[in-house]
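The primary structure of each chain is shown beneath.
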Amino acid sequence: MTHHYRINGSMIQQFSGKPVSIIGTVSKIHPSGNVLDLETSDQQHIVVRSSDHIVDVNPGNIIEVLGEVDNRNQIACDTIVTFEPEQTANFDMDMYNQAVMLFQHYPQDYLVNL
Amino acid sequence: MALWEQGGGSGFQQRKAGGSGDNDTGSGQRSTVKGVLTCTVATILNAKHSESDNCFVYKHLKFNTVMVMGLIREANHEVNGSLATYQIDDHSGGLLEIKWWHDDSGEPMKPLTYIKVVGQVKTFNNKVHVVAHHINKMQSLNELLAHSIECVHASMSIRKQGELTGSGMTSNTSHTSGQTQQSSAIANGFTPVQNAVLNVLKTVTTMTGYSVTEICKQLKQFSENQVKQALEFLSGEGHIYSTTDDDHFRAASN
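Sequence order for the protein chains is Y and G.
Start counting the first sequence at 1; every next residue gets the next number (the UniProt record's numbering).
Start counting the second sequence at 1; every next residue gets the next number (the UniProt record's numbering).
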């Protein structure tokens with residue numbers, strides 16, 4: 001389990017090729033069942049490709065995607081973390097977006113294994 | 001000074017054990033770092049145990065008890081036992097082993113769920129793990145968010161405290177919820193008022209000393225009430241004494 005950078009939509013290009021964690025809202029699941037469209041904490045849309053068939057996920061759900069940014073600025077995802085409705089009700093997506101930037105600005109305090 | 005205290009005398013000499021100092025644990029040398037540090041998994045995995053500080057150290061952080069939040073990647077429950085072992089991942093890099101001796105209440109936690117753990121860091125075979133005091137399922141994603149922000153805040157507070165007081169900070173309080181210390185100088189164990197009153201009384205040249213009114217005149221920055229309270233405290237402790245009447249004081253060390 002390597003360090004995954006917590007990012008939002010506008011940071012995707014910056015983190016090409018790196019392992020990332022993104023929390024966002026599912027806007028659409030492709031008919032193929034392996035690809036979904038995620039709205040990030042800064043209201044951008046990214047494409048997430050999963051290695052497995054995506055289950056237990058519906059549009060409107062908040063999920064966490066763990067994977068790598070590929071050269072098309074899409075996420076090649078190996079893990080999707082789903083949450084119970086009680087866990088995501090009232091989730092402050094704006095605050096999360098600010099926190100994501102906070103972690104970037106304070107690498108000496110948000111301690112990770114690079 | 002008695003003969004035998006003079007040191008270097010023929011015969012009886014004080015000797016210190018080896019080079020490691022005496023075993024006087026009451027001297028506070030091996031005081032334990034108390035308090036709970038909210039931190040990332042990477043912090044714990046990178047920490048080294050310090051014998052001299054009797055705690056784990058990573059960069060500017062010193063800790064024994066930690067609070068972490070992470071995703072369960074692996075869960076192992078002893079079949080007929082009370083030990084559950086979890087490998088948790090908070091994306092800071094690495095997996096942290098959590099040992100949880102539980103009673104039979106509560107359902108076992110499953111992989112790919114987030115949990116919050118408070119526990120003590122231990123090493124075994126050169127590998128760290130945490131013995132949990134408390135484990136709770138994450139109630140809300142806001143909890144995870146707050147936790148991550150608190151990790152930054154805790155680290156920042158501690159770093160700033162360290163910068164203020166220099167490396168001589170041997171305080172045991174790794175109280176990290178951002179509560180700032182009572183830095184309004186408690187010098188020598190006295191408050192500013194008490195210190196000021198005592199210093200005034202130390203300048204006394206007469207046997208009568210100074211009256212409350214005279215002291216207040218010299219310490220315009222404090223109210224009469226404050227001065228009176230300080231006098232009460234100081235005389236109670238024996239630093240000052242009253243002279244001709246209850247209104248006049250002198251410092252005991254004059």
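Everything labelled a hint here was simulated from the structure, so no lab data went into it.
All of these numbers come straight from a predicted model, not from anything done at the bench.
Some hints could be false.
[What the hints assert, rightly or not] Capping the alpha-carbon separation at 20 Å, the derived lysine to aspartate or glutamate pairs in EDC-like fashion look like this:
{"hint": "1", "chain 1": "G", "residue 1": "Lys137", "chain 2": "Y", "residue 2": "Glu84"}
{"hint": "2", "chain 1": "G", "residue 1": "Lys202", "chain 2": "G", "residue 2": "Glu232"}
{"hint": "3", "chain 1": "G", "residue 1": "Lys34", "chain 2": "Y", "residue 2": "Asp56"}
{"hint": "4", "chain 1": "G", "residue 1": "Lys137", "chain 2": "Y", "residue 2": "Glu68"}
{"hint": "5", "chain 1": "G", "residue 1": "Lys217", "chain 2": "Y", "residue 2": "Glu68"}
{"hint": "6", "chain 1": "G", "residue 1": "Lys160", "chain 2": "G", "residue 2": "Glu150"}
{"hint": "7", "chain 1": "G", "residue 1": "Lys202", "chain 2": "G", "residue 2": "Glu237"}
{"hint": "8", "chain 1": "G", "residue 1": "Lys34", "chain 2": "G", "residue 2": "Glu214"}
{"hint": "9", "chain 1": "G", "residue 1": "Lys116", "chain 2": "Y", "residue 2": "Asp56"}
{"hint": "10", "chain 1": "G", "residue 1": "Lys202", "chain 2": "G", "residue 2": "Asp247"}
{"hint": "11", "chain 1": "G", "residue 1": "Lys137", "chain 2": "G", "residue 2": "Glu163"}
{"hint": "12", "chain 1": "G", "residue 1": "Lys116", "chain 2": "Y", "residue 2": "Glu86"}
{"hint": "13", "chain 1": "G", "residue 1": "Lys127", "chain 2": "G", "residue 2": "Glu237"}
{"hint": "14", "chain 1": "Y", "residue 1": "Lys28", "chain 2": "Y", "residue 2": "Asp56"}
{"hint": "15", "chain 1": "Y", "residue 1": "Lys28", "chain 2": "Y", "residue 2": "Glu84"}
{"hint": "16", "chain 1": "G", "residue 1": "Lys217", "chain 2": "G", "residue 2": "Glu237"}
{"hint": "17", "chain 1": "G", "residue 1": "Lys228", "chain 2": "Y", "residue 2": "Glu68"}
{"hint": "18", "chain 1": "G", "residue 1": "Lys127", "chain 2": "G", "residue 2": "Asp53"}
{"hint": "19", "chain 1": "G", "residue 1": "Lys110", "chain 2": "Y", "residue 2": "Glu68"}
{"hint": "20", "chain 1": "G", "residue 1": "Lys122", "chain 2": "G", "residue 2": "Asp53"}
{"hint": "21", "chain 1": "G", "residue 1": "Lys59", "chain 2": "G", "residue 2": "Glu143"}
{"hint": "22", "chain 1": "G", "residue 1": "Lys137", "chain 2": "G", "residue 2": "Glu150"}
{"hint": "23", "chain 1": "Y", "residue 1": "Lys18", "chain 2": "Y", "residue 2": "Glu68"}
{"hint": "24", "chain 1": "G", "residue 1": "Lys48", "chain 2": "G", "residue 2": "Glu97"}
[Said to hold, decoys possible] Over the 12 Å line for every Cβ pair with chain G, so calculated as not near, a few chain Y residues:
{"hint": "25", "residue": "Met1"}
{"hint": "26", "residue": "Arg6"}
{"hint": "27", "residue": "Gly33"}
{"hint": "28", "residue": "Gln43"}
{"hint": "29", "residue": "Gln44"}
{"hint": "30", "residue": "His45"}
{"hint": "31", "residue": "Asp70"}
{"hint": "32", "residue": "Arg72"}
{"hint": "33", "residue": "Asn73"}
{"hint": "34", "residue": "Pro107"}
{"hint": "35", "residue": "Asn113"}
By construction, the Cβ of each residue, glycine as well, lies at the ideal position given by its N, Cα and C atoms.
How the hints compare with the structure:
no.: 1; hint: Lys137/G with Glu84/Y; result: holds (11 Å)
no.: 2; hint: Lys202/G with Glu232/G; result: holds (16 Å)
no.: 3; hint: Lys34/G with Asp56/Y; result: violated (43 Å)
no.: 4; hint: Lys137/G with Glu68/Y; result: violated (27 Å)
no.: 5; hint: Lys217/G with Glu68/Y; result: violated (72 Å)
no.: 6; hint: Lys160/G with Glu150/G; result: holds (15 Å)
no.: 7; hint: Lys202/G with Glu237/G; result: holds (16 Å)
no.: 8; hint: Lys34/G with Glu214/G; result: violated (45 Å)
no.: 9; hint: Lys116/G with Asp56/Y; result: violated (24 Å)
no.: 10; hint: Lys202/G with Asp247/G; result: holds (16 Å)
no.: 11; hint: Lys137/G with Glu163/G; result: violated (36 Å)
no.: 12; hint: Lys116/G with Glu86/Y; result: holds (16 Å)
no.: 13; hint: Lys127/G with Glu237/G; result: violated (51 Å)
no.: 14; hint: Lys28/Y with Asp56/Y; result: holds (13 Å)
no.: 15; hint: Lys28/Y with Glu84/Y; result: holds (19 Å)
no.: 16; hint: Lys217/G with Glu237/G; result: violated (24 Å)
no.: 17; hint: Lys228/G with Glu68/Y; result: violated (69 Å)
no.: 18; hint: Lys127/G with Asp53/G; result: holds (19 Å)
no.: 19; hint: Lys110/G with Glu68/Y; result: violated (25 Å)
no.: 20; hint: Lys122/G with Asp53/G; result: holds (15 Å)
no.: 21; hint: Lys59/G with Glu143/G; result: violated (26 Å)
no.: 22; hint: Lys137/G with Glu150/G; result: holds (18 Å)
no.: 23; hint: Lys18/Y with Glu68/Y; result: holds (5 Å)
no.: 24; hint: Lys48/G with Glu97/G; result: holds (16 Å)
no.: 25; hint: Met1; result: violated (5 Å)
no.: 26; hint: Arg6; result: violated (7 Å)
no.: 27; hint: Gly33; result: holds (19 Å)
no.: 28; hint: Gln43; result: holds (17 Å)
no.: 29; hint: Gln44; result: holds (19 Å)
no.: 30; hint: His45; result: holds (20 Å)
no.: 31; hint: Asp70; result: holds (19 Å)
no.: 32; hint: Arg72; result: holds (23 Å)
no.: 33; hint: Asn73; result: holds (20 Å)
no.: 34; hint: Pro107; result: violated (10 Å)
no.: 35; hint: Asn113; result: violated (3 Å)
Hint compliance for this structure: hints 3, 4, 5, 8, 9, 11, 13, 16, 17, 19, 21, 25, 26, 34 and 35 are broken, all remaining hints hold.
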